[in-house]
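S.K.: Produce the complete structure using the sequences and hints provided.
For reference, the chains in residue letters:
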Amino acid sequence: MFSNWNKWSIIVFIIALLIISPILTIFYSAFLGDTSLWPHLFSTVLPRYTLNTLILMIGVGSLSLIFGISTAWVVTRYDFPGKNIFEWALLLPAAVPAYVIAYTYTDLFEYAGPVQNSLRTIFNWEGAQDYWFPNIRSMGGAILVMSSVLYPYIYLMGRSSFLRMPISFYQTGSIYGKNIFLTVALPLSRPAIIAGLALVLMETISDFGTVDYFAIETLTLGVFNVWLGMNSLSGASQISSVLFIIVVILLTLETIGRKNQRYFEKSSGQNISSIIEAEGIRRLIYSFLCFIPILLGFIIPTSVLLNFVLKGFAVINFQEIFSAMFTSLYIAIISSILVISVSILMITVSYFRSNKFQKFLIFISSCGYAFPGTILAVGVIVFVGLLDNFFKFNFNYYTGGIIILLFSYTIRFLAVGNGAIKSGVTKINPNLINVSKIMGFSFIKILRKTIIPLIYTNIFVGVTLVFVDILKELPMTLLLRPFNFETLATYVYQYASDELLEECSLAALMIVIAGIGPVILLNSAIKKTGKIRKSEPLIY
Amino acid sequence: MKVNLFILLLTILFAENLFAKEINIYSHRQPFLINPFLEAFTSETGIKTNVIYSKKGLAQRLKAEGENSPADVILTVDIGRLYIYEDLELLASIKSTKLISNIPSHLRSSKNTWFGLSKRARVIIVDKNRVKNGEIKRIEDLANQKWEGRICSRPGSHVYNRALMASIIAAHGNIEAEKWANKFVNNLARKPQGNDRAQVKAIYEGECDIAIINNYYFGKLKFSEDPEQKKWIKNLRLIFPNQEDGDRGSHINISGGGIAKFSKNKNEAIALLEFLTSEKAQKLYGEINFEYPVNPNIATTSELKSWGVFKEDQLPIIKIAELAPVAQKIIDRVGW
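One line per chain: the protein sequences are A and B, in this order. So for the first sequence, the working numbering puts the first residue at 49; every next one is plus one. So for the second sequence, the working numbering puts the first residue at 3; every next one is plus one.
Don't read these hints as lab results, they were simulated from the structure. Certain hints may be false.
[What the hints assert, rightly or not] When the alpha-carbon atoms are kept at most 27 Å apart in a straight line, the in silico DSSO-like pairs for lysine-lysine are as follows:
| id | chain 1 | residue 1 | chain 2 | residue 2 |
| --- | --- | --- | --- | --- |
| 1 | B | Lys224 | B | Lys134 |
| 2 | B | Lys236 | A | Lys359 |
| 3 | B | Lys266 | B | Lys23 |
| 4 | B | Lys224 | A | Lys359 |
| 5 | B | Lys285 | B | Lys23 |
| 6 | A | Lys404 | A | Lys485 |
| 7 | B | Lys185 | B | Lys148 |
| 8 | B | Lys58 | B | Lys193 |
| 9 | B | Lys224 | B | Lys130 |
| 10 | B | Lys58 | B | Lys331 |
| 11 | B | Lys232 | A | Lys359 |
| 12 | B | Lys113 | B | Lys266 |
| 13 | B | Lys236 | B | Lys193 |
| 14 | B | Lys222 | A | Lys359 |
| 15 | B | Lys113 | A | Lys359 |
For clarity, every value in this text was computed on a predicted model and none was experimentally measured.
M.R.: Structural data, given as structure tokens:
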């Protein structure tokens, strides 16, 4: 378990250690802190918080799976009206931040919103007592809005897996008259889908913006009540640590569950999966199926934002918004490249060059995604403070701030990068690497010549996902940024937290727009994976 | 000659930079709210300001940065947050006769670490037509069963409500306060949600008849650029609770600030706090954000006066912060 140390695994070990340290800091402060609050928490809010968290996770997980898998399958397998648009449009909701969609849905569906207003006018209802309308600020509402923007993770991972499925597998399934979706595609895509689901669940568990706005009492909301309300950071760290442990257990179970299954295949050489023309009523059903999540996760929120922009044109400060956009773009570009580089290094080394202990460390280091951003940010602050006192490097606060921000984005979004890279690397046949080793190539050369070309698409997927995630990122940027550093997300927040939507809707729209370009590029990159390129080795 | 002129110009340029002082601010208040004050400060003193705004975690950041921290001034709302800074020993004790004479003693720290800069009252608003004049006079009245299903509220664990809860504990003790909270929660028309603005909207929409808000939201809505929002307050009556003779007065909270312990620009930082208690800034608080001046020598704006003159709870504001954890526990228990 502890053998096999080499230059690369040591480097990765150190990086992993750096990344884990802030998480360990949170655990440390949880451990040190007094536990006198627990009896109170247990007897009052904790059961409710835990139950709500579980319901939210199950709800968002299920709905995202339904949205993600069904759409991924039909656009990969069938031809129907609008398919070419749906293919990429289904990714668009990924660019909409969950807190923004929460604001827009509330505005639309609350009592005074246009929907209920029109209903009242049409049916001549007087007030709330005359009719029933679901409350958007509810558990159901939270599940709906969060699933509408999180399902693209599953769609993306599922679709690239469906596309890479060798046609021979489908043919075999068809020969036996089986439903190839249920018997072939779904089981074989399990690692990819689970990877997407893991991201969805981690994001759900760590979300603060949406649950706060909808007043859903989850564990994350509890973390903040304990921290700020009872002035107990250690109590807050304790609840966060419980959350973290839940996530680690979930992920470990999944890893154990597929321990003995291998997912790389020696291709038959014929892997263009054929597309079937959908017939009759199915054409409509498939179009409808794809339209729903786009409507919910993209069309509705952006229309509401657009309406706000037009309504509040006078109060929009264009200069501030454009400068925030510039900041957002450059920080997102730099960080997404950084995160993916770390991911490539970690995953390849973990897969080909490391022992079990290092593998474990690398696994844990990608769990920062499951912490509420602000708590993770506090972990970073405390850890960097300790380093600072120890080494006396005395960061200049401007450059220091940017470096700290990059560091914390890496901790937070490594899970996203690792997920994307891993699904590529695990499909590389280890023999390929062994052959390269026998020929005496250095690791860096194998990485450059063999691994990276093989996982090119995965790299692209990873960079795009992290880029879009950083554009949307709020709590860590808010707390860790240097002076006078305003991103689109922080700009939106200062107004939106005061429910002043006119002032910030343009900035919110900008976040979405900045995410659209990469998302469309992403789609064309994934499509290529389904096609044979002569120069590309046919190994999956 | 040309070269000399060039050098002269350069010197002037750099001299400006050399002597232009800057201070760094950690702010819990949104930039759009504090910028007008900072601009006025810079134009008066020539001292530039840099800001980081976050609602949470700035105290932890300041603490971790220790002696290396670039922060000079902390600006925040709610006494609870100021207290956390003092509790973590992050604030410098400063000497300023101006601050002491401008701020009454119950609104600043006895150790001269934090200072109240403006006041806001937590008031009750009711729909004029649905709640009769004089039916509600005290915050305690909201526990009356006759308001069942008629009150809207933001979640209890928000600082403003937690502070209000603490003031009730201070007045009546834990047990009575919890009884009040229990009955109050029973009277709620819907699950606590939204901010203060959302409660006003809910009354306008008829979901409920009564809510508790910070007084300045009334002004923000009254002078909103959105004609829709102006309508929300048309039928509202503002009630300053607990005003009768012998009663304790309305619960107030403060926005405030302090100087970071390891500030390298203490003089400039003090200058900012002093400026914020000066006549010019104290008036700005009223004009921009409908808050009350802490400086007793500055008159409240006529707009604020038109909403009513009121007696404020004279409880040393620090009590609110000290009781906040107890208040949060009650809030957890009653499910506010």
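S.K.: Please go over all the hints and tell whether each is borne out by the structure.
M.R.: Hints versus structure:
no.: 1; hint: B/Lys224 x B/Lys134; in the structure: holds, 22 Å
no.: 2; hint: B/Lys236 x A/Lys359; in the structure: holds, 22 Å
no.: 3; hint: B/Lys266 x B/Lys23; in the structure: holds, 11 Å
no.: 4; hint: B/Lys224 x A/Lys359; in the structure: holds, 18 Å
no.: 5; hint: B/Lys285 x B/Lys23; in the structure: holds, 26 Å
no.: 6; hint: A/Lys404 x A/Lys485; in the structure: holds, 21 Å
no.: 7; hint: B/Lys185 x B/Lys148; in the structure: holds, 11 Å
no.: 8; hint: B/Lys58 x B/Lys193; in the structure: holds, 25 Å
no.: 9; hint: B/Lys224 x B/Lys130; in the structure: holds, 16 Å
no.: 10; hint: B/Lys58 x B/Lys331; in the structure: holds, 20 Å
no.: 11; hint: B/Lys232 x A/Lys359; in the structure: holds, 15 Å
no.: 12; hint: B/Lys113 x B/Lys266; in the structure: holds, 20 Å
no.: 13; hint: B/Lys236 x B/Lys193; in the structure: holds, 25 Å
no.: 14; hint: B/Lys222 x A/Lys359; in the structure: holds, 18 Å
no.: 15; hint: B/Lys113 x A/Lys359; in the structure: violated, 49 Å
Hint compliance for this structure: hint 15 is the single one not met.
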